[in-house]
Amino acid sequence: MGGVFRHVLTDADRGHWVESGCIDEETLSLGTGLSWRVKKKTLQGGLQAGIDLVEVDNGVFSFTIVPTRGMGIWKGVYRDIPLGWDSPVRDLVHPAHVEANDRGGLGWLKGFNEWIVRCGMESNGAPTNDVVIDNNGNEATVFLPLHGKVANIPARHVEIRVDLAPPHRITVVGVVDEAMMFGPALRLTSHISTEPGGNSLTISDRVTNLNNRPAEMQMLYHCNYGPPLLEAGSTLVAPVRSVSPRDATAQKGVATYGRFGAPEPGFVEQVYFYELAAKRGSGQTVVLLKNAKGDLGSSLHCSLNQLPCFTLWKNTAATEDGYVTGLEPATNYPNPKPFERKQGRVVRLDAGETRRMDLTVAVHDGRKKVRNVERSIKQIQKNAKARVSKTPIRRISGADQ
Amino acid sequence: MGGVFRHVLTDADRGHWVESGCIDEETLSLGTGLSWRVKKKTLQGGLQAGIDLVEVDNGVFSFTIVPTRGMGIWKGVYRDIPLGWDSPVRDLVHPAHVEANDRGGLGWLKGFNEWIVRCGMESNGAPTNDVVIDNNGNEATVFLPLHGKVANIPARHVEIRVDLAPPHRITVVGVVDEAMMFGPALRLTSHISTEPGGNSLTISDRVTNLNNRPAEMQMLYHCNYGPPLLEAGSTLVAPVRSVSPRDATAQKGVATYGRFGAPEPGFVEQVYFYELAAKRGSGQTVVLLKNAKGDLGSSLHCSLNQLPCFTLWKNTAATEDGYVTGLEPATNYPNPKPFERKQGRVVRLDAGETRRMDLTVAVHDGRKKVRNVERSIKQIQKNAKARVSKTPIRRISGADQ
Amino acid sequence: MGGVFRHVLTDADRGHWVESGCIDEETLSLGTGLSWRVKKKTLQGGLQAGIDLVEVDNGVFSFTIVPTRGMGIWKGVYRDIPLGWDSPVRDLVHPAHVEANDRGGLGWLKGFNEWIVRCGMESNGAPTNDVVIDNNGNEATVFLPLHGKVANIPARHVEIRVDLAPPHRITVVGVVDEAMMFGPALRLTSHISTEPGGNSLTISDRVTNLNNRPAEMQMLYHCNYGPPLLEAGSTLVAPVRSVSPRDATAQKGVATYGRFGAPEPGFVEQVYFYELAAKRGSGQTVVLLKNAKGDLGSSLHCSLNQLPCFTLWKNTAATEDGYVTGLEPATNYPNPKPFERKQGRVVRLDAGETRRMDLTVAVHDGRKKVRNVERSIKQIQKNAKARVSKTPIRRISGADQ
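Chains as they are written, first to last, in the working numbering: chain A, 1 to 401; chain B, 1 to 401; chain C, 1 to 401.
Careful: at least some of the hints might be erroneous.
[To be verified] As a list, the in silico DSBU-like pairs of lysine-lysine whose alpha-carbon atoms are at most 30 angstroms apart: (1) B:368 to B:279; (2) B:39 to A:41; (3) C:41 to B:41; (4) C:41 to B:39; (5) A:390 to A:378; (6) A:382 to A:252; (7) C:39 to B:41; (8) A:369 to A:252; (9) C:342 to C:293; (10) A:41 to B:41; (11) C:39 to A:41; (12) B:41 to A:39; (13) C:368 to C:293; (14) C:382 to C:368; (15) C:41 to A:39; (16) A:41 to C:293.
[Unchecked claim] Facing chain C, from chain A, some residues (calculated, C-beta under 10 angstroms): (17) 2; (18) 3; (19) 68; (20) 137; (21) 141; (22) 206; (23) 210.
Everything labelled a hint here was simulated from the structure, so no lab data went into it.
Yeah, the Cβ is synthetic: ideal placement off N, Cα and C, and Gly gets one too.
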């Protein structure tokens, strides 16, 4: 009753690591009637050599966690519906091959192909110079490359947990340290879980400032969708307080900001910054990406108390160039960090303090299920008047700073 | 008849990788009477840890392909003649240890010790700033480090092919992606092959623009020779339309541009840019490096339609510092990319377009065989008047731009 | 008699590497009555994946050598006394995860957690621009990141040696090449040894200029201590000719320069530059870090002929931020290299020349043993008058250059 099966895959403290293995109904009988499975693999060959994977299959929904890339989630499949997208970067890329500062700080893009990837933790957003206090107590200018480091740091601890009592939640725990002497020492403890037979996964992250001095933190969940969820006529349904374009390019598309076009060679990304509405009291909100017919959707559920900012990245470029949209709940907008700091959107963690962030991602197949989610979004929308700004909003958009 | 034996060593798509193995006359009887062999190894320890090697031995000529370093060719041996050179960099260097942007963009030199190494594919040549179009559709300045990235990207697919019908050509196929989101996505598909008992290897490369938008491409085959092919009195024999020094240093040595000296401590590299002549109609050309006695040579065969530029790098420095010459057929001269672009020497690939480049490298032992190659070069020379410029030619040399 | 047992763990030349293994009294009976042991391990998982370790235990004193990180020494234990410190960087970090030029050249700090780590070999000290001669014979500006490269280069040769004759010295030999074409080619050959039952280890390093042209070299042994050796009331005892603060911050603490405080959140590092006195004739000197009670100490023994400069790094910050002091015998002070060069403190190695450096680190438990060391330091102090400068000394401190 209430027991938990635990299987440690990586434990840097004890020098423990499991190359491959599998836990499933045969090795751990739960009697769910579902062929659930958690499988550990190590990739070899090419850019992916040395990458640890943990494939979770709850019986109807499977997804692949990548401990070596900061506990990102590479791809998912719900029943026969693929989740994720096709990047020009075909393979998972081991962090050893990512030089973050390459190409004007865009090195991160050499490994960018995940369904869900965290951007953080010291910083995220556009490459920028920033001023920090150095080991001598002086101000020093440092360069912050695109979207920070966390996606390219291997987890120091990884374990599988399976609740022995119903609903038998399956959890993969990962601990990722973004640490250096005289710099940030932020620890991500991530619980990624799902229930056998369920249509969702939940990411429960805690970020702890390991230092005995205040630290800054930024976190953005870059949730990326290509077909079939993204197609001509797909829409993003969200409870809106305000939407505004990031820049002049987005401004041009503002009339159809929540609607997606077909793959279009030469399309330049359009980015919209949202202030979302939430359920009264709880801070909980939902956004939904649904296909043209409205019979397939994926929703993101989080609390605005934890993740107050939401960014929509529309990149409906040609299929070969990465036809994709990013739904990005975050602590901030992905502007250069100094701008976000000025706007009060950089999290400050006191010595030893922990910030929690939870995100549930669900898949909905069938018109009825999709409508249910839309209905709850409409319910939330009643709490707020939606305002669509035709031009960038000064306190939100850093593009024209 | 006409069948092909195939053995896949690496396939990133299927998560397949072979740590070690060997195919030879015993495992695949061809009845050639030669003890040919293709051997897969994985190196461990030091800077070379994790490097995949494929050693091809056709019975008289062996060479080592390095899939982990972009399908470069480390060293060769023809009968008892070593091919390649001795770099101050002793070991093969895993790309994880090469920070391209280090030392003013000269990080590439930390892994430079191959007999044949490709420079490309987005760029090659001297480190430089360049202007590209970024994800926002704006011009952005990016830094291009020396000789590009391809030599430090592991192949995502590697396979051995052996023709079952005579002449039983042995081929190693490698696929290397230089790809990033919002940047170049160039795929190299390389076939490196040799015939049992033959004195040559052929590199057949195709570079494909995976994006659905135009891309630029540069490729240079840095073919490097030390002793015994390089020695005091060695010469480069080539069918010349023009030769010109790159800069003031090369200018000083222009009188003996095609002739090599003994190792000389403190020698500063001299670089000569060639416009070669070709066989009438075909575009085919040949250059030959021969030793002082003229009884040993190595020739390069390619088409000026594919590789119109040829650079001779004379670095007859002290043995310990890298006594070496580079014969460099290429799409361009290794000047900073913006200069090459201005001169129309950067390849433009349309969406999905493929560019093919073939290069055959042969070894000739014995005065007679060497003379045969010289004779064919002289034959080509009849088509063109050789012009030696004593000073850099403005449209060719970017050194004084 | 006089024989040596040798066991090669890594030999890049021969493609040899041992994943794990152990040599001890059972496998090689020396009859010392001590349970000595040398154990080879390879770490997996997290940032430490692929790191080779050699754990040496002489029966009473054990320490862990890290061939993959330039033959640094991670941690030690003498009887039950831990040696080293607790960095915010928890795990050993594979060089593949260290981008030296990150964060304004402070990338080195992402892997900094060793007890003893070398800083060098082309350069050490603060990040700086420097002017070198490039491959074209021209002056070129290059950026030198913090503390150089050697700590992030894997050894190309590693072997264990055990003297078969008493006192049965146990030695681990490592060879680390810091080499590139057209740049430094410095080879470190390190012998790290201890005697069964002994309270010390000796690092005997030779650095050879492999090039046939002069080279520069800098080496600093960053020996780092946290508790129990470092605590409120610990002191550094040293035979002093002069001590001076590095900068204004150190200036404030100059009255207690050799005395340590308790962990103090927000403490900014204080650095003192020493000119040490030596034994008459020999150049040998000793410094001692002792705890508050004076019943525990660790001493460093070296020759000022080899390592003329000594730096004390006081970083008595909060425990979580890295409560640590660094004792740093070196060829130079860790100022920007151009300043050190101007002061004549950069070693120049002729073509093929070797520089030897020896450092013995000992542990002393019990008041009596600690006093013995103090006594020998006082003996040396008699040769020199100690001068404490209240302000930075111009020829020593580069902070205000």
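Next item on the list: Give me the numbers of the hints this structure contradicts, sorted from smallest to largest.
Entry: Numbers 8, 9, 16, 17, 18 and 22, in rising order.
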